[in-house]
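Here's the letter readout for the chains.
There are 2 protein chains.
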Amino acid sequence: MDQNQQDLFIKTVLSNWELAVKRASKFFDACSDDEFLTPIAPGKNRVVYLLGHLTAVHDRMLPVLGLGERHYPQLDELFISNPDNAITALPSIPELRSQWTAINTLLTEKLGAWTPGEWLERHTAVTAEDFAREPHRNKLNIVLNRTGHVSYHLGQLALLKK
Amino acid sequence: MDQNQQDLFIKTVLSNWELAVKRASKFFDACSDDEFLTPIAPGKNRVVYLLGHLTAVHDRMLPVLGLGERHYPQLDELFISNPDNAITALPSIPELRSQWTAINTLLTEKLGAWTPGEWLERHTAVTAEDFAREPHRNKLNIVLNRTGHVSYHLGQLALLKK
Numbered sequence: 000m001d002q003n004q005q006d007l008f009i010k011t012v013l014s015n016w017e018l019a020v021k022r023a024s025k026f027f028d029a030c031s032d033d034e035f036l037t038p039i040a041p042g043k044n045r046v047v048y049l050l051g052h053l054t055a056v057h058d059r060m061l062p063v064l065g066l067g068e069r070h071y072p073q074l075d076e077l078f079i080s081n082p083d084n085a086i087t088a089l090p091s092i093p094e095l096r097s098q099w100t101a102i103n104t105l106l107t108e109k110l111g112a113w114t115p116g117e118w119l120e121r122h123t124a125v126t127a128e129d130f131a132r133e134p135h136r137n138k139l140n141i142v143l144n145r146t147g148h149v150s151y152h153l154g155q156l157a158l159l160k161k
Numbered sequence: 000m001d002q003n004q005q006d007l008f009i010k011t012v013l014s015n016w017e018l019a020v021k022r023a024s025k026f027f028d029a030c031s032d033d034e035f036l037t038p039i040a041p042g043k044n045r046v047v048y049l050l051g052h053l054t055a056v057h058d059r060m061l062p063v064l065g066l067g068e069r070h071y072p073q074l075d076e077l078f079i080s081n082p083d084n085a086i087t088a089l090p091s092i093p094e095l096r097s098q099w100t101a102i103n104t105l106l107t108e109k110l111g112a113w114t115p116g117e118w119l120e121r122h123t124a125v126t127a128e129d130f131a132r133e134p135h136r137n138k139l140n141i142v143l144n145r146t147g148h149v150s151y152h153l154g155q156l157a158l159l160k161k
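Protein chains in written order, with numbering that gives the first Met the number 0: chain A, 0 to 161; chain B, 0 to 161.
I should point out that these hints are in silico values taken from the structure, not numbers from a laboratory. Where hints are given, some of them may not hold.
One copy or two, it doesn't matter: identical chains are merged, so the pair holds either way.
As the list claims (entries may be wrong) - Simulated pairs of lysine-lysine, DSS-like, Cα-Cα distance not exceeding 30 Å:
{"id": "1", "residue 1": "LYS25", "residue 2": "LYS109"}
{"id": "2", "residue 1": "LYS43", "residue 2": "LYS10"}
{"id": "3", "residue 1": "LYS43", "residue 2": "LYS160"}
These numbers come from a predicted model, not from an experiment.
Sequences are here, hints too, so could you generate the full structure?
Structural data, given as structure tokens:
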């Protein structure tokens, strides 16, 4: 694979990440405050929960990918450790929207600056020992997995479309 | 990127494809015939429709990726062109299960044999002219996109879990 092909491989992966984030952002941008409080199906997560959940999961990518400290660790208790409706005092929608946009802008910028070698480095959620045996548990794998995670919840959000 | 890194890049992409397919297969394997006829949410697609839909979309990957003729083109009318419940005479569940397994086994085998250069080739759903301008619209892009498509519907199927 020459330099050009390497760049293309990475560009294709990045464009899939960006597309998934863009689709989710488009969905959230079009939601009214009322719609944020609507569950995706009876008894299931509300849209606001999925916005906070996706933001928390993306924020957790920072340390996992060696990109520094988290920005919004307080989101975990609200949107990862606990199910929806367990905690009533959630952050405001404008605050969550702004965090969602900020974390994705930061991640996309950082990923865009990686060399091919950096994409294949160990992520911090796998031990050096496990990584020696399973070298596909690299940073690329985290980005592909989290891209799929956005799609997973996009499928649920799509149930609210008329 | 040396040979080893190239292989790793591709192995990581392939393992994400395989994982998404495996998760969906695990879900379908655990479904009773009754559960196949349950909608994922009130008024939405039934599980059997999603099984057929995913199979049809994967079958369409064959010509798009230059891997030969389709095996099950008859699925399109039932599971792509028409919404669920529009056509009452669907294939049997065992037949759909078997097609789902067969198409994924074939695709995974074919993808596993590609060289790095083949991953970056033009797919047949983009014109040569557009591909010259947008070289990331390659076969890798189709595989990443379809992996995300499985995740999208997995998110919906997960709503049926207790």
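Evaluated hints:
no. : hint           : verdict
1   : LYS25 / LYS109 : within (22 Å within a copy, 35 Å between copies)
2   : LYS43 / LYS10  : neither (36 Å within a copy, 35 Å between copies)
3   : LYS43 / LYS160 : both (16 Å within a copy, 11 Å between copies)
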